[in-house]
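Peer 1: Based on the sequences and whatever the hints tell you, model everything.
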Amino acid sequence: MRIRGVIFDLDGTLLDTLPDLAEAVNTVLARHGFPTHPIEGYRLMVGFGAITMIERAVPPEARSPDRVEALFREFEEEYERRAHLRTRPYPGIPELLGRLREAGVRLAVLSNKPHHAVEGALAPFFDLSLFDVILGHREGLPPKPDPRGVYEILAAWSDLGPEDVVLVGDSEVDLQTARAAGIQAVAVTWGFRTEEELRDAGARILCHSVEELSDLLSRELSPLR
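Per the numbering used here, residue 13 is the first one in the sequence shown, and the count goes up by one each step.
In short, the hints are calculated from the structure, not lab data. All values reported here derive from a predicted model rather than from experimental measurement. Heads up, the beta-carbon is just placed ideally off N, CA and C, and yes, glycines get one too. Check each hint, because a few of them may be wrong.
Stated by the list, open to error - With beta-carbon atoms standing in for the labels, derived distance ranges:
id, residue 1, residue 2, range
1, Glu175, Glu73, 42 to 50 Å
2, Pro47, Arg85, 16 to 24 Å
3, Glu73, Gly53, 40 to 48 Å
4, Glu88, Gly173, 34 to 42 Å
5, Ala115, Ala192, 24 to 32 Å
6, Glu224, Leu56, 20 to 28 Å
7, Glu92, Asp139, 17 to 25 Å
8, Glu89, Ile51, 15 to 23 Å
9, Glu81, Glu114, 38 to 46 Å
10, Glu151, Arg111, 32 to 40 Å
11, Ser76, Gly173, 38 to 46 Å
12, Arg85, Arg14, 39 to 47 Å
13, His220, Pro50, 23 to 31 Å
14, Glu224, Ala192, 20 to 28 Å
Peer 2: Given below as structure tokens:
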């Protein structure tokens with residue numbers, strides 16, 4: 013494996029967003045008299061996009077498309093108000109991104125957050141110029157595990173091939189996306205899925221810490237100069 017470009021997932025990979033996501037959803041649920049969930053209960057609800065998270069959080073009898081859509085809109089407003097109250101980069105991530113960029117490695121973010129929310133989530137913690145491409149879910153770009161987000165990034169990195177690029181993420185969605193796009197995946201265990209869940213999803217390369225990921229990427233770098 014040689015690495016000249018790295019695509020990062022956002023939630024659970026670069027940023028620990030779970031407390032703010034959970035609080036925003038629970039606020040909406042409580043407003044409508046629905047049961048709320050502990051923060052840890054949201055680990056398996058996230059990853060497939062916010063609408064799916066809402067659908068999983070509400071009781072089965074409330075999962076009509078119109079009701080889920082209305083709750084999703086409320087969640088968007090609530091999350092926007094609190095998105096950075098408890099969210100933080102995982103320790104070591106800012107330094108890792110800086111080292112990779114200094115080495116000439118291309119960097120991108122591919123998230124199932126709405127596209128407008130991705131830059132908003134990153135901006136308080138990172139210099140956005142670190143990233144060549146930042147993509148979230150938008151009209152015309154389906155969410156992961158559809159590979160079209162990866163294809164769009166590869167098109168922007170026209171001098172790189174799939175064999176030069178790795179996707180780093182914390183969930184089965186990221187593994188499925190990488191497989192569908194024909195690129196290598198690195199699964200990280202500090203996010204929203206356990207090692208067992210990632211292995212069951214087909215993870216072949218796992219990193220248990222940012223330091224381990226940094227060592228792996230450093231060994232495999234084939235940077236552009």
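Peer 1: Run through the hints listed earlier and report the numbers of any the structure violates, in increasing order.
Peer 2: Of the numbered hints, just 3 does not hold.
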